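Colleague: This is what each chain is made of:
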Amino acid sequence: MKRIALLLLVAVMIAALVGCAQPAEQPAQSEAPAAPAAETKAPEATQAPAATEAPASEEPESQYKYPGAVGKKATMILKDLTNPVWLEAREGGLAAAEEFGMDLEVVAPIESNNNEEQIALVQQVIAQKKDILIMCPADSTGIVPAIEEVNAANIPVINLNTKINTDSGTVHYETFVVADNTICGTLCAEELVRLAGEEGEAVILEGPSGGQVTIDLSNAAQAVFKKYPNIKLVDIQNAKFDRATAFNTTQNLLQAHPNLKIIFSCNDEMALGAVEALKEAGKLDQVVVGGIDGNQDALKAIKEGTMEVTVYKNFWLQAYTAVEAAAKFLDGQKLDEKILVELEAVTPANVDKYLKN
Amino acid sequence: MKQKKLNFQNREKLGLVIGIVVLFIIMSILAEGFFSWYNIHNLLRDSSILLVVATGMTLVILLGKIDMSAGSVMSLTAIVTTILLANGAHVVVALLAGLASGALIGLLNGYLVGIQKLDHFVTTFATMSLAKGLALVICDGDIINTGNNDFKAIGASTSVFLGLHVHIWIVAAIFAVMLFVLTKTKFGYRVYSIGGSEQAAMLAGISTRGTYILSFLISGLTASVGGILLASKANNGNATIGDGFEFSAIATVIIGGTPFDGGRGGLVGTLIGAILISLLKNGLRFLNITPSLQYVIIGLVILVVIITDVIINERRKLEELRRVEQ
Amino acid sequence: MHDDVILEIRNVSKSFSGVQVLSGINMRVRKGEVHVVVGENGAGKSTLMKIISGVYQKDGGELLFEGKPIEVKSIRQMQEMGISIIHQEFNLLPNRTIAQNIFLGREPVKKRGIPVIDIEEMNAKSRELLGFLGLNVDPRTRVSSLGIAQQQMIEVAKALSFKSKVLIMDEPTATLTRNEISKLFEIIRKLKNEGVSIIYISHRLEELKEIADTISVLRDGALVGTLDAKEATTDKIIKMMVGREITNQYHREFCTEVGEEVLRIDNLSSYRFKNVSLKVHRGEIVGISGLVGAGRTELIKAIFGFDRFESGEVVLFGKKYRRLNTSMTTRLKVGLVPEDRKDEGVIVEMPIRENIVHASLSQLFKNGILNKKTETETANKYVKELGIVTNSIDKHVMYLSGGNQQKVVVAKWLCAQCDLILFDEPTRGIDVGAREEIYEIMNALVKQGKAVLMISSDMPELLGLCDRIYVMKDGRITQEFSHSEATQEKLLACSI
Amino acid sequence: MSKVSGFILKQSKIILLVVIVVVASIFANNPIENIFTVIMSQATFMLIYCLGMTLAILTGGLDLSVGSVAAFSSYIGATLIIEGYVVPGIIVALAIGAGIGAINGLLISKVKLSPFIATYGMDWLVRGLVLFILAGKKIFGFSPAFTSISKGAVVEFTSTMKISNPFVIALVIFLVLLFLMRKTTFGRNVYCVGLNASATRITGVNTDRIITIIYTISGLLAAIAGLLYAAVLDCAEPNMGTHYGLMAIAATLVGGTAITGGKGGVGNTIIGVLIMVFLTNALAVLGVSHLWQEAVFGLVIIFAALMEKARQKQIALLQM
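These protein sequences, in sequence, are chains Z, U, W and X.
Here the first sequence stands for residues 1 to 357, where the numbers follow this note's numbering.
Here the second sequence stands for residues 1001 to 1326, where the numbers follow this note's numbering.
Here the third sequence stands for residues 2001 to 2496, where the numbers follow this note's numbering.
Here the fourth sequence stands for residues 3001 to 3320, where the numbers follow this note's numbering.
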């Protein structure tokens, strides 16, 4: 009997090993030709230096830019690796790592945005005695105790995308590479308000309640709407970052607020769900819809004019910049405590720049 | 007779233990930094939270019931505790309040199942939504920072006592007590009896109500403890903290060899199950397997282990039947 | 035997949701006597006992224990007072040890604040009790690894452990075989001599004379009469029970020349029986006798395809089969009336109608589409034919008496036009009246040239009905008798 | 028990539903339109996978894998559909759904796993596969040939008030299942399995096959739901339907199908689904914070359960 049990378990272990052999590259391959390949064009178009060097790194024996960083072991902890935008980030990070000759590992929780798992991942970095940690926290404050541990272990931290809460003053990071959600939210909301002529009823579609992203974006948008006396925030609903749910929620909202003008959505998924609902209700022209992230399908929607605005977060560049910052630091260079990754609202005007064909 | 009996119980566990050992060895070889006290200690710490929730769950499953509300109770407790701390309550008060909230849901479950005789799944499924909902309403969908250092101290990785983290000690204590209660006390015997055959228990003059209520109460409390430990780790409260945790806890118990039909199994198995699952997750992380693939592997392991367990039990039944003839 | 009454029942009555099940029962149980209570099913015996033992609350009347009137509140209270009951169906926990089962709910505790169980003491006491019952098994053995007879003994041990002054046994011999019964009777006598009074419920009239001191007969929830065992004769008792004369319960004309063979099994083996071979022909009733646990039920379930057999083959209506499943056998028009009526015979939460047509859905509705009219007609037909007592065929089976439930099971197979019906203990726990009707059905079946294979622990039944009787022992067939040569003694001789 | 209270018990869920709808209608600016949209699109999609869950629950089990099955099958199907192979894509999707369902069924009937754990493990496995195979990429921009399945309408009164295709599809599925469960020997046997499997088996029914078929249907319906969503949202994405499983259980329970199996049916589930969607709708229309939604769901489920219990008691009394 026990033999059976043993065999089966071993079998699984083997499965695990086979698994772990591939995934390191697998997704990379399935990704490379897809999103990021195109994404790399984006930075080329916008800010030259970073990405134009990416191809350069391809040819052998090129001089590494930051000798001190060469061969150093780094880990980048993201919020999620099941979602295209974060896969872009991974590519950006890996590209930079290759360019600067670093040994980078990109990881994320199984359940996206799970703080506890991120803590475990951070502790893993300590266990593996990495040279540097690039941290994109799912929960600004929840991660603090873990980061304190990292500080204690004298592993430098580069903060990426979402701020690590330093109010307690007990944690510190070398720099904060940010295309931060508050800014995204503000950009998007401002654009929406402009399109709506600074007046009308607005609603916000949130992600799962309690999520950090949701909170940052939603608060940013609310702040913007408050600024304009004629903008009335009539409702906030949770659509679980899910297109189908947003579809239903929007239908319901339209029933409650027939002359809705603005839908601010905390990600493109929900925005597109809202768009479908508006199509059904035939109110596409009445309502302006804004999302966040700049997914290809959202960009396509903007091109078609069904959706008005999104904010292209350029996760590729964020990650790339973060790794470069890490390299700089390991090379003993001084870092400013904040590195801004340029963000811009994507509108029909500039959508072609981001849209891949 | 006695010999044989022990054999069977061992057999059920043996496969798992071997699995754990094999897994551990493989990981130690393959994953750099896995085989270090620091990591093993963290592993134990992670498993302790799963274990404490699974401990209460074991009781309920031994009764032939399920507690779907465990995960939501964790969230609720976390929120209640942290929001009180955030508003400057003393840490003890906050903790007690947190536990109370869990106890309350537990009692509600116990009342509806034990006295109203509602179906356990339906009941706890409902209280799952209820507790989660309350948590969301209380925290207004926000993350709550305690800014309280006493509370933080519970979770801080520096708070180590005799080489082991406080979490581990707390859970170890709870586990030990529950193990004693389950194997040595009247209450424990009742749980097994009712799980084995409610009718037989009732005809023996055992009041099932009390046992149901107490068991669900305990399950609620252990879930609360889990929620508190989780929150203390992050030193903040989040209404999504326990999402899906009930499933992990149930899986742990089942993998540990306590089947849904109740009256059979026990806490030792649950302990093994908790370690296996934590070890698996920790190991997969160290091997840097993409999350998507981790899903697949975890799913496989659950199925494989359960199937093995089922086969073993089938065989055991057969052998017992055969033995009747001798 | 002294005359002081230990338990007196004064016009106790009880009704469930308006239906009067007990009306003004009076009964006096003397110290150290065996007081047998007989009566058809639904006569109220079990209800009365459940009231005495505190399972139910009585509506009217009063109970006097040792002269003092008592208010029955809980099972526990009565147990502590010294009245305990062995229920008809087992109430053991298979996954717990013997000791844990014996002391279920009142485990000895160490003298301390928290109720910590004194396992050593528990085992010691259990060992004592088992010794008293002449059972030499380790009290730490899991009950699931005991035989049925042993389990029954554990039930007895359980009851004894209360130090009861009054011990109620509800059909204790139902699952026991002759020699086990006599062992049980020895114990009963032992207890008697120790001054314990025993209230003993049974359907098996032939047992009574052996142990009874007093016999009370119930009918339709009323006491017909109490008589001294000495002047009681079986016929007299039966008359009192059913209120009508039963001369020969069986009315069997044994078949002279057998028809074609419907069932033959060659060297069938599984983990519970070895190399069993037997034949059944059209027009025959074939019986299988033997001790409980001899593997009879397993054999019959294997033939039916419910359990699988390891080697050998089953020949049904001339076709060989090495593997069978229930859908095959039923398609071949074989039916099984299982031992466990409630869990395997009927679906208690379904209406009578649906239960009756269940086995013949595919025959009645060729295209797979139900038709309520056909269903109703069919069901009504069989309800009438078998005299199933109910006010509506839409009544859930759970509200029927044991006898009527059994008839529903039989109706199910008749409706499916079965050529071979396997009966497993067809009359267990069924009152005399219903029994006779079941026998009638069997007779009718074989008259129509169908065949019956039946298991029974009730030897008179086998002798009265069967053309041929196989005797099984430890999973093997030890003998085959024609009805002419078979006698109780012979059957017994080959089964032990 | 008086006639009135008897009626209330019997119809408790319908009454509850009516109340909710009325409330929603009062606050909605255009009640008819509101009811139309809710029924025509929201309820429709949900109903389809809830029906699958109902069947599973009727056999005394449940299917926690509906969400991931919906995602996986529609996702794989989409990879073909996007290439223009609409029909093959749909067929593949349905086949995958049915296939996984069948595996569930076999694990439960043959291997004798508890449905809970079997489908839970399967959920992880399938979700993992869908995330892994296409590394989380989304598929969008389908040809109208496909999207029209969901977007099109049979009858169109106004742009918002129409008998949508999905509605018709769901209705057909519902009627077929209703007939199957109520009027055929197969359906009868499904109920029997739910009430008492071993008695059913002794009666000669191949219970294993019935269970397998049921879970296959459940998987199939999940696939259909997945495809319809993909069509209406013009996008197939791997994280679809993470909450279908729990929603479906909730709706089925609210509908009054007993989790123990054998009692209730697809008819109940329609009521359950309508209650759930209109509840959400009402809360949104009333402008109640979505944070309350979860809690309210919980209360409604408890309420429904208590009502159901009272009703069963009443039936028992009548039977006595």
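Since the hints were derived computationally from the structure, they do not count as laboratory data.
Just so you know, not all the hints are guaranteed correct.
[As the list claims (entries may be wrong)] Cross-link-like lysine-lysine pairs, in silico, DSS-like; alpha carbons within 25 angstroms at most: (1) W:K2372 - X:K3151; (2) X:K3151 - W:K2373; (3) W:K2279 - W:K2395; (4) X:K3309 - W:K2395; (5) Z:K356 - Z:K303; (6) W:K2073 - U:K1186; (7) X:K3003 - W:K2395; (8) U:K1184 - W:K2110; (9) Z:K303 - X:K3151; (10) U:K1117 - X:K3183; (11) Z:K356 - Z:K129; (12) W:K2473 - W:K2183.
Bear in mind that the values here come from a model prediction, so they are computed numbers and not experimental data.
Colleague: Would you mind marking each hint as holding or not holding in the structure?
Modeller: Hint check results:
| no. | hint | in the structure |
| --- | --- | --- |
| 1 | W:K2372 - X:K3151 | 41 angstroms, violated |
| 2 | X:K3151 - W:K2373 | 44 angstroms, violated |
| 3 | W:K2279 - W:K2395 | 39 angstroms, violated |
| 4 | X:K3309 - W:K2395 | 19 angstroms, holds |
| 5 | Z:K356 - Z:K303 | 11 angstroms, holds |
| 6 | W:K2073 - U:K1186 | 22 angstroms, holds |
| 7 | X:K3003 - W:K2395 | 21 angstroms, holds |
| 8 | U:K1184 - W:K2110 | 11 angstroms, holds |
| 9 | Z:K303 - X:K3151 | 21 angstroms, holds |
| 10 | U:K1117 - X:K3183 | 32 angstroms, violated |
| 11 | Z:K356 - Z:K129 | 40 angstroms, violated |
| 12 | W:K2473 - W:K2183 | 19 angstroms, holds |
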